[in-house]
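Protein chains in written order, with the UniProt record's numbering: chain L, 1 to 369; chain Z, 1 to 582.
To be clear, the hints were calculated from the coordinates, so they are not data collected in a lab.
Positions of the beta carbon are idealized from the N, C-alpha and C atoms, including for glycine.
Where hints are given, some of them may not hold.
[What the hints assert, rightly or not] The calculated label-pair distances, taken between Cβ atoms and stated as ranges, are:
hint : chain 1 : residue 1 : chain 2 : residue 2 : range
1    : L       : Gly206    : Z       : Phe149    : 35 to 41 Å
2    : L       : Thr84     : Z       : Asp540    : 24 to 30 Å
3    : Z       : Leu225    : L       : Asn318    : 55 to 61 Å
4    : L       : Gln258    : Z       : Glu251    : 34 to 40 Å
5    : L       : Val75     : Z       : Ile49     : 37 to 43 Å
6    : Z       : Ser325    : L       : Arg303    : 50 to 56 Å
7    : L       : Arg321    : Z       : Leu327    : 43 to 49 Å
8    : L       : Thr84     : Z       : Phe149    : 52 to 58 Å
9    : L       : Asp129    : Z       : Ile142    : 44 to 50 Å
10   : Z       : Ala80     : L       : Lys257    : 36 to 42 Å
11   : L       : Lys203    : Z       : Ser325    : 47 to 53 Å
12   : Z       : His244    : L       : Glu238    : 25 to 31 Å
[Stated by the list, open to error] As a list, the in silico DSBU-like pairs of lysine-lysine whose alpha-carbon atoms are at most 35 Å apart:
hint : chain 1 : residue 1 : chain 2 : residue 2
13   : L       : Lys274    : Z       : Lys78
14   : Z       : Lys356    : L       : Lys65
15   : L       : Lys70     : Z       : Lys507
16   : L       : Lys62     : Z       : Lys356
17   : L       : Lys148    : L       : Lys102
18   : L       : Lys182    : L       : Lys148
19   : Z       : Lys122    : L       : Lys70
20   : Z       : Lys356    : L       : Lys70
21   : L       : Lys277    : L       : Lys261
22   : L       : Lys200    : L       : Lys261
23   : L       : Lys200    : Z       : Lys78
24   : Z       : Lys430    : L       : Lys70
25   : Z       : Lys430    : Z       : Lys122
26   : L       : Lys65     : Z       : Lys430
27   : L       : Lys328    : Z       : Lys78
28   : L       : Lys312    : Z       : Lys78
29   : L       : Lys203    : L       : Lys277
30   : L       : Lys67     : Z       : Lys430
31   : Z       : Lys78     : L       : Lys277
32   : L       : Lys312    : L       : Lys291
33   : L       : Lys67     : Z       : Lys507
34   : Z       : Lys430    : L       : Lys62
35   : L       : Lys343    : L       : Lys143
36   : L       : Lys203    : Z       : Lys78
37   : Z       : Lys122    : L       : Lys67
38   : Z       : Lys507    : L       : Lys65
39   : Z       : Lys78     : L       : Lys291
40   : Z       : Lys356    : L       : Lys67
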Amino acid sequence: MMLMNLPKAFSLLGDYSEPYAWFPESASSFSEINDSLYYWITITCMVFFVPIVIALFYFAVKYNKPKGTKAESNVAHNTVLEVTWSIVPSFFLVGMFIFGAKAFLEMRDVPDGANEINVQAFKWGWTIDYGSGVFHPELHILKDEPVKLSMRSTDVIHSLYIPAFRAKKDIVPGRYNYMWFKPTVASEKVSDEELAAAIKQTKDLGESWNFDEHQFTPDGYRFYDLYCAEYCGTNHSEMQTVVVVHETLEDLNAWIKQYSKRDASVPPAEYGEKLYKNRGCAGCHSIDGTKRVGPSFAELYGRPEEMITGDKINADENYIRESILYPKAQVVAGYQPVMPSYKGQLSDDDIYSLIEYMKTLAKDGGAAK
Amino acid sequence: MSSGSLPKGSVIRDPGYPTASENYLTNSKGALSWIFTLDHKRIGVMYLIGVTVSFAFAGLLALLIRLHLFLPEGMIFKGAEANNYYNQVFTLHGAVMVFLFIIPSIPAALGNFLVPVMLGAKDVAFPRLNLTSFYLWCIGAIFFIAALFSTGLDTGWTFYTPYSTTTDTSVIAATMGAFILGFSSIFTGLNFIVTINTMRPPGMTWFRMPLFLWATYSTSIIQVLATPVLGITLLLLIAERTMHIGIFDPEFNGDPVTYQHFFWFYSHPAVYIMILPAFGVISDLISVHSHKRIFGYRFIAYSSIAIALLGFLVWGHHMFTAGMSPLTTIIFSALTFTVSVPSAIKVFNWIATMYKGSISLTTPMCFAIAFIFLFTIGGLTGLHLGTLATDQHLHDTYFVVAHFHYVMVGGTLIAFLGGVFHWWPKLFGKMYSEWGGRLAAVIIFIGFNLTFLPQFVLGSRGMPRRYATYDPEFAFLHQMSTYGALTLGIGLVIALVVLLASLVRGKRAPANPWGGATLEWHCTSPPPFYNFERAPVVGDPYDFSNVEWDQENERYVSTEPERKLAPEESPKSVPAHADGGH
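Chain L with its partners taken away, still in its complex shape:
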């Protein structure tokens, strides 16, 4: 029982906004057992470490003798003592192993009826599949409902890590890895004024949404960080997204609905811009001309581009479509063939919308071509 109370004793240290915090906020069913195990191991370590260090420094001072003085004792061994200090720590180790393994098995054992969500990791972003054609980089889930993530990678090894849930699993290309967790704390929604101010500020600056600065999503939810924890190349440190925990199913469904297929009333270019932000394009392709992993979309449409094969190809509708579906077929000179294929992930209308959006970024709106 005392064990369970320990985290509370440290609760002052547990505040996320405080620079001295020991843990991120605790927001899943794994957090409590994980943190108590952590504290228990740490305290056990202290029980050994503190006497060792006291003895170390005390002896160093107490038995500090002038040169040439003989040692007071020359006992070479003491079997009872030596056997004792070999065996006693073993009991603690067995304890750590058993409790650790038990909690681990729980983390691997998916409860019946867990909601299944497909996750795709790629260099350097995330696509969460909400079914019926809704994809989004943010992970939105429901409070107190176990979630199973089925994860795959299109290129190298990634690792999905949510510190607030104390959960992590590598995503190895060529196989499906899974993980599950049960979020216990719902994300708050910020006030409409605050959200409006942040949206306005972002628009005025002409930048993409700054999660670090606002600490809420463009939809106005507070969030938990989701990191890629396995080194995956150039923009590994930017392969982050957010987790939002919804209080009710209605709220979650309402959020998903916003990102469902394009409504006939929404112009394709506007929807294309949304896709550009949500489907990971923004990670590699800028819209202001700066060179990132892939060519910038600014003034790209209709421009003749030199390929690594030496051919010159106009970046027209057909070329862009081909690049989305078969990105390795014709690569622009100066870039690596690293883009994952979006075949089967973007509908014809999605691709059309993206191309329409790219036309708006061309100098003359793409009208001349």
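With chain L's structure known, arrange chain Z on it following the hints.
Relative to the frame of chain L, chain Z by itself:
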């Protein structure tokens, strides 16, 4: 003598100072006499220079990393290629530190110099193989530098597939470098095993060997058994990259986790290649500077062998989050805990050795104390990572970074420094400034803790490793860490200056400045070309009862009972048996 306490009826045994022709440093001159030398001591010195240069280089890269991370958005590398630069710098830092410094530092540099001398042998068993291994090390180093100056390397020192089979950086040059360094390591290990097995002089039984030799022996076993696996793995990696044979790359039906199994089957035992020799150094340092018999000699010796063997069974703990089957994961967790017992035994033994000793707080002793403090933290935090549930949270975060730096830097580097200061008078025949050495030890200790303690907190709070930029809430701890790294850097520079200054203005070192009882203190400082003028008398390496302080000459001397020679009578003119006595 101190207070004229020479026991009655005993004589002083002291080899005095070597003449220029005896001294291994001066007995032959010119660059060629070094380039083609077969003397294990000169090869050891060349290694020492090599690993120090590598360490300085990799240390500067570490400072670049820390300075870059001073600000969340990155301070040093800017622009479109910033992340690429950062990735290459941390990769090169890791690869150079591990392959060119930590693995060869104690076994190849100190080991080459000390193993034959401590054993009482003239040289290692295969002197030419020894020189070959040094030049292989140089060639391996050249491959690493070549990788740097061509297209860089951005895979991390672990070369994980499929990233390493698809990135366009110089993976092949770097893996070839590591492959060649592997041979260097195997040759050194082989040489030590044969030397220790066959070249012990009369009287040098296994249990009269100093613990440094036990540690070197267990290390050599790992080097010989594990390194070939790395060699094969790296060749397979190169084959995968060039010919797409489909072992590691899922695009050709390979499995990336297979690579991790292969890689860690070498690289986890390699962690013990890094730390076991350090245990050996510390065992000797603690005993000599406490002037007390090492406590539990046999337990320490056996625990070295136990660690070497158990070290082969625990590689899977690097893959607790890779998605192995739960049963495999649990077995690896259980095995992992077994390694901590022999490590704990050593710490208890060292403390017990200090108890009721006669401790001199010399520079090597300061490093030894720092080692016990830091290694204990490094070892204990391994428990958080060996425990399956907590590892799920801590894996691949800064907690791991802090843990292995406490073991490798706080352990191996500190032991290496302690060893260098301890044997420096023997290596070069010069005494360094004690004051300067202790100052360096204290600054290194403080700087080290300031660098890596905050990283435990960073990791617990969820900061992933290998990030070029990070979320602003982590900035405070990163900045502490950067200040620590600068302090650590200053401490290391002081240590270097103290040692180099001693070569110019240091006092001449006596044969036995610390009062050690192992054989290397029985020859002159620096040792003669063949180490000993005549076969040394082998005794208990930790028996300090005959070691006395000579105040007048500021040195320790060994006393031994005066042996009565047979009376010098001229024999009877005719031997008794010559004519039957009549």
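Kindly indicate which numbered hints from before are broken by the structure, ordering the numbers from low to high. Of the numbered hints, all hold.
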